[in-house]
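In order, the protein sequences belong to chains A and B. This note's numbering runs 218 ahead of the 1-based position in the first sequence. This note's numbering runs 761 ahead of the 1-based position in the second sequence.
It is worth saying that the hints were derived from the structure and are not from the lab. Incorrect hints may have been included.
Label-pair restraints from in silico Cβ distances [to be verified]: (1) B:Arg1007 x A:Glu301: 36 to 44 Å; (2) B:Gly840 x A:Gln290: 30 to 38 Å; (3) A:Phe249 x B:Arg1007: 27 to 35 Å; (4) A:Glu300 x B:Gly840: 52 to 60 Å; (5) B:His824 x A:Lys333: 40 to 48 Å; (6) B:Asp872 x A:Asp234: 40 to 48 Å; (7) B:Thr912 x A:Thr269: 38 to 46 Å; (8) B:Gly887 x A:His227: 35 to 43 Å; (9) B:Leu1103 x A:Thr288: 44 to 52 Å; (10) B:Lys905 x A:Ile297: 41 to 49 Å.
The structure presented is a predicted model; accordingly, all values stated were derived computationally and were not measured. All C-beta atoms, glycine included, are put in the ideal place defined by N, C-alpha and C.
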Amino acid sequence: MRTERIVLHFPKELVDKPVIVNLVKKYGLDFNILKATITPDAEGVMVLEITGEDENFTKGIEYLINLGITIQPLSQDVIWVEEKCVHCGYCVSYCPTKALSRDEKTYLISFDSQKCTACGVCVEICPYNAMEMKIFV
Amino acid sequence: MAKTIEEINEKIRQGKAVVVTAEEMIDIVNEKGIEKAAKEVDVVTTGTFGIMCSSGIYFNIGHTKPRIKLGGGKVYLNGVPAYAGYAAVDLFLGAAALPDDDPRNKYYPGDFPYGGGHVIEDLVAGKEIRITAQTYGTDCYPRKFLDAYITIHDLNEAVLFNVRNAYQNYNVAVNSSNRVLYTYLGMLRPKFGNANYSSAGQLSPLLNDPYYKTIGIGTRIFLGGGIGYIAWHGTQHNPNVERTERGIPKGGAGTLAVIGDLKQMTPEWIKGVSVKGYGVSLAVGIGVPIPVLNEEIAFYTSVSDEEILAPVVDYATAYPNREPDVITYVSYKELKSGEIELFGKKVPTSPLSSYPKARRIAEILRNWIKEGKFLLTSPSAPIPGVESGVRFKPFSGRELLGEVTSK
Chain A
219 MRTERIVLHF PKELVDKPVI VNLVKKYGLD FNILKATITP DAEGVMVLEI TGEDENFTKG
279 IEYLINLGIT IQPLSQDVIW VEEKCVHCGY CVSYCPTKAL SRDEKTYLIS FDSQKCTACG
339 VCVEICPYNA MEMKIFV
Chain B
762 MAKTIEEINE KIRQGKAVVV TAEEMIDIVN EKGIEKAAKE VDVVTTGTFG IMCSSGIYFN
822 IGHTKPRIKL GGGKVYLNGV PAYAGYAAVD LFLGAAALPD DDPRNKYYPG DFPYGGGHVI
882 EDLVAGKEIR ITAQTYGTDC YPRKFLDAYI TIHDLNEAVL FNVRNAYQNY NVAVNSSNRV
942 LYTYLGMLRP KFGNANYSSA GQLSPLLNDP YYKTIGIGTR IFLGGGIGYI AWHGTQHNPN
1002 VERTERGIPK GGAGTLAVIG DLKQMTPEWI KGVSVKGYGV SLAVGIGVPI PVLNEEIAFY
1062 TSVSDEEILA PVVDYATAYP NREPDVITYV SYKELKSGEI ELFGKKVPTS PLSSYPKARR
1122 IAEILRNWIK EGKFLLTSPS APIPGVESGV RFKPFSGREL LGEVTSK
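The following block holds chain B by itself, in its conformation from the complex (with noise of 0.2 Å):
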């Protein structure tokens, strides 16, 4: 017995949808069995809160008297460059921008104390940030530089634009060598001393929809706090990859672009980090409503974390060279444990993404649903899905010669 959308929305309306976490879902299906659940359960919410580097925002700042331009000119937040390649003043920020004095890694590993990923938290916390520009001058525009504070307030429009957020599943890292290693899955100490993992696995958007049957281009979801929309598949959006006969990935697969008012968001989902060795970045929590539609969907959103599987990848050989070798695969349930095995001896895990607020926005987005506050979406047009053939290609480009570095 299929359901429709326009249907569920009516349910949500009259107050009378049975809406519950994956977590949930995954004990109903347990005691009741998929045709059951599937009657019975309306709305999945999901859940996934963790460091997503490519993420950013862009904003109007609103015309100065005189008028500046500063397309083409340089912009910094906080000491952050800003991206001003649009028109007079509208500007990008990215999450992993640095200031022109951060030393880097140039003292081993550096720290990476503030950068864009910060400047987005304290716009969202309403803090004042000094906007800092230079740039030419033209007719229409004759202003020459900027020196100001503003907040969120001051902007016109201030939007949450991630190109790649939410992946669908991802690498457990690991290291091979004799040293310490400062990765963006965290420190990884020799000798497989600790292996590190980002997933809320069960509870992960993309993982209880494994074929994007409901998630797609417009679906409603939670972003940082407020309502955005899926914009678009993400960036390196691989569905082509080899799965599970429960058609659930075996490492990183699809992606999404997000996008949301970040005037909605609040500082306890929009967090900026300082990784180690590695740089800066942003936090994301993000929540997907999976409308149950049928029992092929019930299915899906009843998986566990004993059926995902990660693959686990030396961090030291094969991710920087860019070999395909996977160690071995473990499940989420093994990962959460707080260590597994790896040849034959027990390796302490450490989670980069937050369980307990991937947990929380799942509840938050089914409270809302039940209380009649945010209703569910049909695509616009779906995101590509195994079907497309879509593959992410590596770099093709047609290399000058020159020696090839490492660090």
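Okay, chain A solo, but in the shape it has when bound (with noise of 0.2 Å):
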């Protein structure tokens, strides 16, 4: 079994198409949308946690990398931009899967790219904007 959080960005020719349904239906594999937006310009974005057996996996992104969708692995998408950061910790009680946490001695922020969803909550709040969002840049 794996799990994988990925984003995946759509060409406009798909974004009214079912491509989703078929990591299930043809693969068996488990999904839930993280985020999901479709872009001005038309393209879609999606930010999906998978889980299945290792070999369905790979051919479930096959099958995505194959109809024109690019994939990239979700750590990559929020950033800490840790100088800009003051450690205030205003952000840690909003980020829903703790991938922002305190330390409780130090009280200083870290930030575990691992558990992040990309939500864009810290994104939105940071008064210092030390957290970048890049996949709607």
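The task is to assemble the complex, starting from two chains supplied on their own in separate frames and drawing on the hints.
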């Protein structure tokens, strides 16, 4: 079994086609949509958590790539700009997956990109602009 | 056994002064007792780093050739309007100023990506700032337009002058309504979904000198990474509030107006901020040394987070309507644990001020004093205390008849 969080970039001709459902039907993969948007130039962006057997997982990803979807690992997408961070800790309680956490002694913040689902709440609220979202630029 | 500031300064000069942070003082008093701590410790350093909206700079750009009189004209710095109501080339820029074309909250909640606080940070960082000005000509100041890049090095005086900083305690904000609120204390989730606070608690300057016995006009301080001074009590200074048994105000009370040379400051301690749905501001780092003159001061500086209570206020109803209602009081120890209990339910907490930075400021100030680089000052005059009768009045102007509007 394997679980991974990935970012899919759909070309505009695929935006109105059923795609994700085939991951279940054809490859028996479980999925959880963490975020989905269509950008103004009609490209679709989706953050997906996929779980399944190794072999099916690889086939499922191949299926997506063959359709013309670009795939990147999720961890690249939300970036903690440490030099801008003042370690106030404001973001910590908003982070739904505890990717942002605070050391109980030093009160310093750390960011675990593996836990991040790129929901973007930290990017929205950080007063110091220390969290950056890369997928929508 | 009382000490004087001059005696403490002599020890600092000789490198013999015992200087500790307000955090370290808690343990010292716990271990050794007040009497011994008062004898042994000479100075306690405090620190705070938070968003302080009533901040601003004044500066002088020097005279252009031919001369221009900016006073009475319009001046922008990177598109942010500066106040030009002085003479020819003196300007003031407030932290909360916004470009004319910023949509504010028309697209709610507004992002407020750039404003006065950011211009101040960029100046401190040595970046080029574009100044554009349009004014009227006179016989002695004929020029009407200016469009140029300036840096902090081009300025004559550049002075940070904050009219209200370092609030002595503050509200904890919650939201009873059904929708998300965007406030200066951050995003508040509906139905008491979170609670936000902003104070360094046990490290905060005025919480370590609750009756302003040592902190006064002229006190030399750490300001934005450089050396500054307390200029006056801050606006909205309100010493006459309910206090705990050990004198700690149970809500916002004293404030400080501070002044310092912007050219000494660094972007690490002076930062522009964008508060979603609210506006722009400036985060400022301040540290105040407290001379341990006697046992009473030693006692005050030993205050710890569990002894400081903050009022929980509903920013959906009570705060905007200026109602006095307080839901309950919680300690900074509870707030810093990451959750408080409200109506039998656990509510996550978020700080807006940075405790690690407050701690660092207290350490830097401690080291400056230990190394003999920073001497203490006696205040030239005290700031108003409880006995002064000073109270922060609500608006009492005579309003013209008309509707009182809400958002």
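Hint check results:
1. B:Arg1007 x A:Glu301: 36 to 44 Å: Holds, since Arg1007 of chain B and Glu301 of chain A (Cβ atoms, about 40 Å apart) stay within the stated range.
2. B:Gly840 x A:Gln290: 30 to 38 Å: 35 Å, holds
3. A:Phe249 x B:Arg1007: 27 to 35 Å: Between Phe249 of chain A and Arg1007 of chain B, where Cβ atoms are some 57 Å apart, the hint is violated.
4. A:Glu300 x B:Gly840: 52 to 60 Å: 29 Å, violated
5. B:His824 x A:Lys333: 40 to 48 Å: 57 Å, violated
6. B:Asp872 x A:Asp234: 40 to 48 Å: 30 Å, violated
7. B:Thr912 x A:Thr269: 38 to 46 Å: The hint (38 to 46 Å, Cβ to Cβ) is violated, given that Thr912 of chain B and Thr269 of chain A are roughly 55 Å apart.
8. B:Gly887 x A:His227: 35 to 43 Å: Cβ of Gly887 of chain B to Cβ of His227 of chain A: about 39 Å, so the range 35 to 43 Å holds.
9. B:Leu1103 x A:Thr288: 44 to 52 Å: 46 Å, holds
10. B:Lys905 x A:Ile297: 41 to 49 Å: 46 Å, holds
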